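Chain by chain, the residues:
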Amino acid sequence: MSELAPLAIAVPLIASAATAALGAFAPRSLLAALNVAASAFATAACAVLARDAALHGSVIHWFGGWRPAHGVSLGIAFVVDPVSGALAAFAGLLTTAAFAYAWTYYEKDDGAFAALLQVFSAALIGFFLTGDLFNMFVFFELMSVSAYALTGFRSEDSSAVQGALSFAVVNSTGAFLVLTGVAIVYARTGALLMAQIAHSLGGAADPLVVVAFALIVAGFLVKASAAPFHFWLSEAHAVAPTPLCVLFSGIMVQAGLYAVARTYWSVFSGALGPHGDGVRDVLVAFGVLTAIVGAVMSYAQRHVKRLLAFSTVSHSGLMLCGIGLLDPRALGGVFVYVLGHGLVKGGLFMGSGILLNRYQTVDVEALRGKLRELPWLAVVLALGALGLAGLPPFGTFVGATLIDDGASRAHLGWLTVILLLTAALTGAAVLNAVGRMTFGWGPPPDPRAVTPGRENPETEAATGLRLVNMAIPTLALIALAIAFGFVPVASTAVAAAGAFADRTVQEAVVLAGGAPVPLPSGPAVPLGDGILHGAIGGALALALAALGLFADRLPIWPLLKRTYETAMRIPHAWHSGIVTDYVTWLTAGAAAFGAALLSLTR
Amino acid sequence: MSWLPYIVPAWIFVIGLYGMATSRHLVHLILCLSVTQSATYVLILMIGYRTGATAPVFSDVLSTVRATDPVVQAVTLTDIVVGATVTALLLAFALRIYKTYGTVDPQDLRTMQG
Chain C
1 MSELAPLAIA VPLIASAATA ALGAFAPRSL LAALNVAASA FATAACAVLA
51 RDAALHGSVI HWFGGWRPAH GVSLGIAFVV DPVSGALAAF AGLLTTAAFA
101 YAWTYYEKDD GAFAALLQVF SAALIGFFLT GDLFNMFVFF ELMSVSAYAL
151 TGFRSEDSSA VQGALSFAVV NSTGAFLVLT GVAIVYARTG ALLMAQIAHS
201 LGGAADPLVV VAFALIVAGF LVKASAAPFH FWLSEAHAVA PTPLCVLFSG
251 IMVQAGLYAV ARTYWSVFSG ALGPHGDGVR DVLVAFGVLT AIVGAVMSYA
301 QRHVKRLLAF STVSHSGLML CGIGLLDPRA LGGVFVYVLG HGLVKGGLFM
351 GSGILLNRYQ TVDVEALRGK LRELPWLAVV LALGALGLAG LPPFGTFVGA
401 TLIDDGASRA HLGWLTVILL LTAALTGAAV LNAVGRMTFG WGPPPDPRAV
451 TPGRENPETE AATGLRLVNM AIPTLALIAL AIAFGFVPVA STAVAAAGAF
501 ADRTVQEAVV LAGGAPVPLP SGPAVPLGDG ILHGAIGGAL ALALAALGLF
551 ADRLPIWPLL KRTYETAMRI PHAWHSGIVT DYVTWLTAGA AAFGAALLSL
601 TR
Chain F
1001 MSWLPYIVPA WIFVIGLYGM ATSRHLVHLI LCLSVTQSAT YVLILMIGYR
1051 TGATAPVFSD VLSTVRATDP VVQAVTLTDI VVGATVTALL LAFALRIYKT
1101 YGTVDPQDLR TMQG
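So the protein lines, in turn, are chains C and F.
So in the working numbering, spot 542 of the first sequence is number 542, and the numbers just go up one at a time.
So in the working numbering, spot 76 of the second sequence is number 1076, and the numbers just go up one at a time.
Any given hint might turn out to be false.
[Unchecked claim] Per label pair, the in silico range of CB-to-CB distance: (1) C:Arg569 - F:His1025: 37 to 45 Å; (2) C:Arg569 - F:Val1035: 29 to 37 Å; (3) F:Asp1060 - C:Ala515: 52 to 60 Å; (4) C:Met568 - F:His1025: 26 to 34 Å; (5) C:Arg67 - F:His1025: 15 to 23 Å; (6) C:Leu547 - F:Trp1011: 47 to 55 Å; (7) C:Pro488 - F:Leu1091: 25 to 33 Å; (8) F:Trp1011 - C:Val468: 55 to 63 Å.
It is worth saying that the hints were derived from the structure and are not from the lab.
The structure displayed is predicted, hence computed values, not measured ones.
Yeah, the Cβ is synthetic: ideal placement off N, Cα and C, and Gly gets one too.
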């Protein structure tokens, strides 16, 4: 059974090689079918592994048969627990949807796009499944490099290349932070397998161990687009081809968050456990900052893809708060939220891709009133907006409920309010855009503002069959996002997060060959409060959107407008668009993160 | 254990970051990124260093001979491959940007503002 784990990566990689080799002469439909099939296989394999891990305990695959001897491991292992298996399956699912959406994309392309996308998805899956810290870094880099190339893929579009450059410089620097941290850990323990490192570290939390933890987590937070490491994300999203945005926002950013949780729970929780309060304060502080910056910037955008990108920043902050609480219940909530958010955001990006394809622009003001031609799309986007705000029955509300539970157990009740408000604000940002694009509501744009030019279309114009082909995955993801809220997943997620966070069992199973432990049944999770919270979030989103659309009818509008514009100058100035500034932010952010951790874990 | 293996790579890392943060030329920026990455090579190789040890190749010496850590060498090799890929890709981007905008100064490339 454990052979499925390497196959989940090998099959997409083989499909990638085949696509690249046959791309020049094989018919498009054959290549598309091959890639959809390969991704569907990877999805199914990961789902089977996750189910197996839940029923019988973690699935472990030792590469080359290098099993541990006398409790010491030199080999590299994939360790699939229910969480990593489920997230890998979700990565596969979104890739399948992206391939289905891109069926008619790049008709003139020689297969390079599909080949790169397949490498990207294989790396993502490997990243989730591996139980080895250096192996994780390798998959991280493979994922990153293919993502840079995909972002700059339309190299005739100069802004795409520029966005890819910022993306690559910032993320590579983050990866070097991770590698430096891994090297320090190796210097201390002589091990790279997570369970072995945790075993060797024991309870020693001297400054060197804290520095290693800070470097690894700061590096992964770059991928997770936590403020102030988030600047690359909006640029990469604004220019990347739409099928890629689905994966970037739906699972790549979340892979960074997963790595933060994995690093803490599987590697450092023994050493840093006694200083848990300090770690929690730092992670939650960065999470709150990220949630607020992302939400505020999202509301201020008029480019739909950038708007959605900043909303991803905000939701990433929300999930970082959930991880930072260091509570299995909140952690379970984060994993549910990843799925709920990924489906909603994937649907929204696919919707924006249809706009881009049809009108050669995703500028809200240029699209004023245009969405009337596609009323179904307006409904889909509005539904997605409510999903972002956490309105039941969207799956996001289940995750948010569990994170709120964790927050109140940690006596951080104020966190609930901030997370509710920021999620509502990102929903309002989308609703505001939908109101303008559908009904032409809202004050006219400032005539001094620069009107963005037309963007290069990504595909042939979407009419007839092409439109249907793009519409089906869009509708499917939004429908799944709604259906997901009805799946009684909360209690299982809490149990799975408990197993994810149980380092001692992982060590026993991985190193000593102990019997794997099946998932216990999770605690009952009452969702009553969560439904109320979600309803408030949805109502708040509608109210905030209405404020943006109709506030010009209020007598205090001039004052309101002036105050808002003055206040927004500051965050706008931060997002300067200059890559060297982003490196400065990254350096300052990593230094602040490390200093805060060092001082709070004394 | 000496602190030198940590101080030298830390210095290289920071000097690379400084170069990137103040760069006015994309090629310079990309090379500074490589400098930052070379800090990781130095760190990792130093970690595996053992005084008086030979290279970890056992085809012509006894396996009991004192050798340096082979794991760090494999890790560094992987790291170098990654570095070469990233640098090549970034230089291609820089070339494309130069062909389009006629400039390689990051300060002049701010179409993404806000």
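Status of each hint after checking the structure:
{"no.": "1", "hint": "C:Arg569 - F:His1025: 37 to 45 Å", "in the structure": "violated (29 Å)"}
{"no.": "2", "hint": "C:Arg569 - F:Val1035: 29 to 37 Å", "in the structure": "holds (35 Å)"}
{"no.": "3", "hint": "F:Asp1060 - C:Ala515: 52 to 60 Å", "in the structure": "violated (45 Å)"}
{"no.": "4", "hint": "C:Met568 - F:His1025: 26 to 34 Å", "in the structure": "holds (32 Å)"}
{"no.": "5", "hint": "C:Arg67 - F:His1025: 15 to 23 Å", "in the structure": "violated (51 Å)"}
{"no.": "6", "hint": "C:Leu547 - F:Trp1011: 47 to 55 Å", "in the structure": "holds (52 Å)"}
{"no.": "7", "hint": "C:Pro488 - F:Leu1091: 25 to 33 Å", "in the structure": "violated (52 Å)"}
{"no.": "8", "hint": "F:Trp1011 - C:Val468: 55 to 63 Å", "in the structure": "holds (59 Å)"}
When the structure is compared with the earlier hints, violations turn up for hints 1, 3, 5, 7 and for no others.
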